[in-house]
Amino acid sequence: MHSAARAAIPARHLRTDRWWLAPAATAAGLLAFIVYSTWRAFANADYYHAPYVSPFYSPCLAENCHTMRGGPNWEIFGSWWGLSPALLILIFPLGFRLTCYYYRKAYYRGFWASPPACAVAEPHKKYTGETRFPLILQNIHRYFFYFAVLVAGVLTYDTALTFRDEHYHWGHMGLGSLVFLVNIVLIWAYTVSCHSCRHIVGGRLRHFSKHPVRYRLWGWIGRLNERHMLLAWSSLISVALADFYVFLLASGAFEDPRFF
Amino acid sequence: MSEPQAVQDGKEQSGQAGAYQAHFRVWRGDADGGELADFQVEVHEGEVVLDIIHRLQATQTPDLAVRWNCKAGKCGSCSAEINGRPRLMCMTRMSVFDRTETITVTPMRAFPVVRDLVTDVSFNYAKAREIPSFVPPAELAPGEYRMKQEDVGRSQEFRKCIECFLCQDTCHVVRDHEENKAAFAGPRFLMRIAELDMHPLDAAPESGIDRKGSAQDDHGLGYCNITKCCTEVCPENIKITDNALIPLKERAADRKYDPLVWLGNKIRRRTE
Amino acid sequence: MAHVDRQAWDVVVVGAGGAGLRAAIEAREAGMRTAVICKSLFGKAHTVMAEGGIAASMGNANEHDNWQVHFRDTLRGGKFLNHWRMAELHAREAPDRVWELETWGALFDRTPDGRISQRNFGGHEYPRLAHVGDRTGLELIRTLQQKIVALQQEDEREFGAYDARLKVFQECTVTRVLKSDGRVSGTFCYERESGRFFVMEAPAVVLATGGIGKSFKVTSNSWEYTGDGHALALLAGAPLINMEFVQFHPTGMVWPPSVKGILVTESVRGDGGVLRNSEGKRFMFDYIPDVFKEKYAESEDEGDRWYEDPERNRRPPELLPRDEVARAINAEVKAGRGSPHGGVYLDVSTRMPAEVIKRRLPSMHHQFKELADVDITAEPMEVGPTCHYVMGGVDVDPDTAAATGVPGLFAAGEVAGGMHGSNRLGGNSLSDLLVFGRRAGLHAAEYAASLTDRPQADPLQIDAAEAEALRPFSAEEAGDAEEAAGRDRGPAENPYTLHQELQQAMNDLVGIIRREGEMAEALKRLADLRVRARRAGVEGHRQYNPGWHLSIDLRNMLLVSECVARAALAREESRGGHTRDDHPAMDRSWRNINLVCELADPQCDARAADPSLGQIRLSRRETPPIRRDLLELFEKDELAKYLTDEELSR
Chain A
656 MHSAARAAIP ARHLRTDRWW LAPAATAAGL LAFIVYSTWR AFANADYYHA PYVSPFYSPC
716 LAENCHTMRG GPNWEIFGSW WGLSPALLIL IFPLGFRLTC YYYRKAYYRG FWASPPACAV
776 AEPHKKYTGE TRFPLILQNI HRYFFYFAVL VAGVLTYDTA LTFRDEHYHW GHMGLGSLVF
836 LVNIVLIWAY TVSCHSCRHI VGGRLRHFSK HPVRYRLWGW IGRLNERHML LAWSSLISVA
896 LADFYVFLLA SGAFEDPRFF
Chain B
90 MSEPQAVQDG KEQSGQAGAY QAHFRVWRGD ADGGELADFQ VEVHEGEVVL DIIHRLQATQ
150 TPDLAVRWNC KAGKCGSCSA EINGRPRLMC MTRMSVFDRT ETITVTPMRA FPVVRDLVTD
210 VSFNYAKARE IPSFVPPAEL APGEYRMKQE DVGRSQEFRK CIECFLCQDT CHVVRDHEEN
270 KAAFAGPRFL MRIAELDMHP LDAAPESGID RKGSAQDDHG LGYCNITKCC TEVCPENIKI
330 TDNALIPLKE RAADRKYDPL VWLGNKIRRR TE
Chain C
6 MAHVDRQAWD VVVVGAGGAG LRAAIEAREA GMRTAVICKS LFGKAHTVMA EGGIAASMGN
66 ANEHDNWQVH FRDTLRGGKF LNHWRMAELH AREAPDRVWE LETWGALFDR TPDGRISQRN
126 FGGHEYPRLA HVGDRTGLEL IRTLQQKIVA LQQEDEREFG AYDARLKVFQ ECTVTRVLKS
186 DGRVSGTFCY ERESGRFFVM EAPAVVLATG GIGKSFKVTS NSWEYTGDGH ALALLAGAPL
246 INMEFVQFHP TGMVWPPSVK GILVTESVRG DGGVLRNSEG KRFMFDYIPD VFKEKYAESE
306 DEGDRWYEDP ERNRRPPELL PRDEVARAIN AEVKAGRGSP HGGVYLDVST RMPAEVIKRR
366 LPSMHHQFKE LADVDITAEP MEVGPTCHYV MGGVDVDPDT AAATGVPGLF AAGEVAGGMH
426 GSNRLGGNSL SDLLVFGRRA GLHAAEYAAS LTDRPQADPL QIDAAEAEAL RPFSAEEAGD
486 AEEAAGRDRG PAENPYTLHQ ELQQAMNDLV GIIRREGEMA EALKRLADLR VRARRAGVEG
546 HRQYNPGWHL SIDLRNMLLV SECVARAALA REESRGGHTR DDHPAMDRSW RNINLVCELA
606 DPQCDARAAD PSLGQIRLSR RETPPIRRDL LELFEKDELA KYLTDEELSR
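Quick note, the sequences are listed as chains A, B and C, same order. What the first sequence shows, in the working numbering, is residues 656 to 915, in sequence order. What the second sequence shows, in the working numbering, is residues 90 to 361, in sequence order. What the third sequence shows, in the working numbering, is residues 6 to 655, in sequence order.
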């Protein structure tokens with residue numbers, strides 16, 4: 656690690672603060688989500704309770720899906736798919752978040768210790784970063800972004816559907832609608848604040864002055880983008896909560912309070 | 090031995106109130122080796138770490154080597170590591186530390202040490218030379234440049250850089266892997282490429298220079314795993330990662346990983 | 006003596022600030038192999054500290070502006086002591102120098118129609134300063150640095166080596182300009198890192214070393230500003246002029262003590278900041294001198310309206326030239342109306358919204374937040390005068406920047422004298438660097454190219470220079486020599502202590518307000534310090550040894566300080582950066598007098614050891630009369646305030 660000409664300081668680092676706290680917390684948070692979402696994705700149960708569909712299972716692309724009246728049932732995969740239909744769709748949000756510039760930082764630091772914290776030596780002998788396979792694939796983030804927009808569109812649709820009651824009559828609202836509403840706002844905010852989005856909308860331009868509308872959009876997205884980390888976490892938590900809420904309803908553990 | 094200037098000022102203005110003895114550990118040595126040396130040294134109200142290093146020079150170790158210049162955070166000379174964190178000594182106030190805390194000052198770790206706190210930063214100057222310079226547009230004479238404020242704003246942020254090289258020092262790509270130095274320009278100079286690529290009048294494309302492509306192919310943009318330590322240590326608060334490195338990665342992706350662009354290039358090449 | 010490495014170059018530039026780099030670019034573009042030597046790292050020169058902008062009458066913000074108006078402002082600011090030809094060249098060429106920077110990649114702040122934005126500054130009739138927020142100096146340095154890199158890339162393509170025709174020797178110091186047969190033959194230098202000596206053999210040397218601020222205790226200048234170029238010129242036999250004129254910037258930080266003197270940019274006032282005393286009064290209205298009465302607002306309302314409507318209102322007195330504002334602040338503090346830490350209040354917080362302050366004055370906001378824990382968007386700053394700039398310098402030919410009396414020696418930037426007269430306007434420094442840096446580089450290149458035989462560096466001079474540089478390591482032996490000569494040997498002296506005593510003496514006795522007795526006392530103390538400085542001793546070895554470097558720099562600071570003190574004692578009037586308590590008025594008969602400093606005895610250094618003798622010989626010289634068409638740019642009434650009746654009737 657050290658060439659002879661560098662200052663001979665044997666300590667791996669000389670930081671006196673609790674530098675390990677942030678990566679440890681990140682790793683713990685991500686692990687918790689992974690455990691929860693794996694369980695829920697493979698469960699293939701308790702994901703629909705009219706009018707609510709868990710965001711983990713939307714859109715539902717196989718024949719073995721729960722029938723959701725007016726809901727996101729598109730049997731693209733037909734009947735041969737025997738596993739949980741969540742697995743078909745979760746690939747996209749998973750890919751989006753996996754290649755997201757914030758999450759990359761989070762898991763490179765939290766799981767890979769590359770580096771664990773600034774000015775703390777990483778334990779790896781070699782490092783090639785994102786120059787070669789498989790990490791070079793991080794460059795396809797923007798395609799996951801396009802899919803993420805579609806998925807967010809479907810979840811918006813799902814949220815609209817929550818303004819029905821259990822008999823599919825419009826003009827009603829329950830606590831679930833509120834949960835879904837918060838979730839979808841956070842999902843959109845996270846999706847739109849994405850660095851790729853910022854680039855596509857305006858960042859790639861050389862002369863903002865010739866594209867005033869895109870410049871203004873770029874400015875707004877830039878301000879959201881500054882909070883990308885915050886939005887990444889809050890939308891991660893909100894999507895898990897929305898799913899958990901549906902689970903509680905579907906498993907009968909909880910009754911959805913209706914406002915009107 | 091008389092006291093340095095700051096001490097005398099302190100007496101005039103606020104007496105000795107607020108003065109205390111701090112425990113400093115300063116790395117002393119050269120390329121052949123060295124160690125942390127312990128000092129008890131007086132500290133006064135309002136001082137920064139560089140003041141204390143100067144007091145050590147004036148009262149205890151006249152040959153303690155330290156590089157500094159403006160003492161106002163504008164020149165980027167006094168870069169070092171304080172309690173393990175890359176920082177400017179002139180912009181690190183003593184009041185951020187506990188009075189009983191031991192303050193450890195070491196040279197930047199990513200560069201060869203010359204002596205004590207002074208490192209050989211020639212790596213950075215070598216990298217600077219490898220970045221193709223601004224290409225003036227052939228059709229414009231001096232005085233004819235017209236650029237809108239919104240078009241220069243992005244590059245102006247990067248030109249706030251004082252070249253303290255703390256980002257280069259903290260970046261694990263070279264800090265932890267000396268062997269990557271040849272292939273990796275480091276955050277400061279990738280940001281320089283971004284600055285030029287966003288310059289509204291840079292004529293590099295017309296002269297056959299592909300800045301985005303060379304960022305990836307020649308200057309190691311792919312080594313960056315956007316873990317943001319460069320941004321964390323930047324004393325000018327430049328958003329190096331969000332505003333320079335990631336946009337540069339996206340620009341490179343435009344060129345290389347966007348199938349539409351790729352297809353377009355193929356077709357154009359065939360028709361040529 | 007040991008073998009000293011020699012290198013041959015065409016042009017050697019000492020200093021890598023704005024003037025030095027601009028000179029190097031010009032010399033290299035003229036085809037000369039050019040070397041730049043600087044004490045700091047490349048790109049760290051003191052120019053980065055310049056905040057406000059570059060004065061150039063491009064007329065982007067106000068179309069009435071032109072070089073004649075700029076010339077007029079410059080002469081007014083300098084109280085008509087400026088060398089008129091330098092002021093003319095400067096005003097004429099500044100716009101080209103700024104535009105040229107854009108072709109090298111500089112990104113100035115813009116006007117709405119895309120041209121370079123220009124801001125108001127003290128003493129400038131129209132908004133004239135091209136700027137980048139408040140970090141214009143950094144932009145200037147970085148642009149020149151990157152232009153040099155661009156030229157090196159060209160050479161790499163052509164010759165296979167970046168350094169083939171233009172090389173920067175960073176962290177090196179020049180201790181002597183070498184001469185053979187009365188002409189420049191090179192420089193004697195050492196590497197700060199290793200302590201290794203080397204000689205640059207070159208027929209042309211450009212001094213661009215900046216100023217002398219480190220001889221004063223409260224200063225905005227960095228450690229590099231030890232008057233090296235001034236001293237090198239003197240030692241090489243070139244005279245200095247106008248050394249009594251030292252500019253105290255009115256607004257330096259006063260607290261905390263460790264940053265006392267650090268600059269608070271004039272743009273704070275240019276953009277609307279006001280000065281108040283402890284009673285909350287905008288006191289500058291009480292300090293408008295007669296010569297400026299018609300040009301400045303009489304009421305706060307009028308001053309405030311000027312920012313919006315400069316055509317029909319007069320500017321607020323906060324924007325008087327720097328010498329006036331500095332004196333006013335000094336007077337307020339002395340009268341007991343100062344702030345707790347001995348300054349006055351400079352307030353923008355009540356004048357602009359917080360976001361505007363952060364956008365227009367970002368580095369000031371940062372500086373106060375980080376160093377003083379003061380949020381300038383919410384509370385006023387405390388400021389006081391700080392030693393900022395020396396108007397005096399090497400006497401040069403206005404057109405070629407060639408130093409008087411030493412063929413092959415050139416000087417540009419702060420180290421050159423004459424351009425700014427008795428007081429420099431803000432913004433005129435960066436343009437000075439560019440205009441005269443270019444001229445110095447050009448004429449140095451022409452001179453070097455014109456020589457058929459090049460002077461060889463004299464081995465005896467090299468040996469002498471080496472011995473001089475090594476003296477601090479043998480302070481004890483120096484003591485022996487003193488004793489043998491029948492003088493007190495005294496103990497070895499700590500160079501840091503000597504430096505502090507020098508700074509204290511200059512600050513207290515030859516500072517912003519001067520008195521005859523105090524300056525005479527200063528000369529005595531300087532003589533005493535000079536004797537002690539010969540015994541300045543250091544421990545350790547030559548590798549990166551700051552104590553040793555300071556011991557060497559002390560020689561320069563002492564020489565230059567003596568120039569300042571002697572000239573200040575001789576000039577019995579107050580003008581610009583020279584204020585005499587015992588001669589408070591400006592005297593028209595002094596208007597056309599330059600005080601010239603020369604080394605009293607260039608051959609022998611016995612004087613250096615003898616406190617009863619000085620090192621500097623002072624003489625008077627008349628300035629050349631201002632060209633008629635330039636005089637006609639002024640109203641007769643105004644001229645009558647500066648020129649003698651005899652001059653007017655000519």
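These are calculated hints, taken from the structure and not from any lab test. Some hints here could point you the wrong way.
What the hints assert, rightly or not - Quick list of in silico lysine to aspartate or glutamate cross-link-like pairs, DMTMM-like style, CA-CA up to 25 Å:
hint	chain 1	residue 1	chain 2	residue 2
1	C	K363	B	E246
2	C	K363	B	E321
3	B	K249	A	E881
4	C	K363	B	D331
5	B	K216	C	D168
6	B	K237	C	E313
7	C	K339	C	D642
8	C	K300	C	E526
9	C	K339	C	E307
10	C	K646	C	D295
11	B	K328	C	E360
12	C	K641	C	E651
13	C	K363	B	E268
14	A	K780	B	E239
Said to hold, decoys possible - So, partial list: chain A residues that the calculated Cβ filter (under 10 Å) puts toward chain B:
hint	residue
15	R759
16	A772
17	C773
18	K780
19	R787
20	P789
21	H796
22	A807
23	W875
24	H883
25	A895
26	P912
Computed from a prediction, not measured in an experiment: that's the story for all the values here. Ideal Cβ placement from N, Cα and C applies to all residues, glycine included.
Evaluated hints:
no.	hint	in the structure
1	C:K363 <-> B:E246	holds (14 Å)
2	C:K363 <-> B:E321	holds (21 Å)
3	B:K249 <-> A:E881	holds (19 Å)
4	C:K363 <-> B:D331	holds (21 Å)
5	B:K216 <-> C:D168	holds (15 Å)
6	B:K237 <-> C:E313	holds (23 Å)
7	C:K339 <-> C:D642	violated (34 Å)
8	C:K300 <-> C:E526	violated (39 Å)
9	C:K339 <-> C:E307	violated (28 Å)
10	C:K646 <-> C:D295	holds (9 Å)
11	B:K328 <-> C:E360	holds (19 Å)
12	C:K641 <-> C:E651	holds (14 Å)
13	C:K363 <-> B:E268	violated (42 Å)
14	A:K780 <-> B:E239	violated (44 Å)
15	R759	holds (6 Å)
16	A772	holds (8 Å)
17	C773	holds (4 Å)
18	K780	holds (9 Å)
19	R787	holds (8 Å)
20	P789	violated (13 Å)
21	H796	holds (8 Å)
22	A807	violated (20 Å)
23	W875	violated (14 Å)
24	H883	holds (8 Å)
25	A895	violated (25 Å)
26	P912	violated (41 Å)
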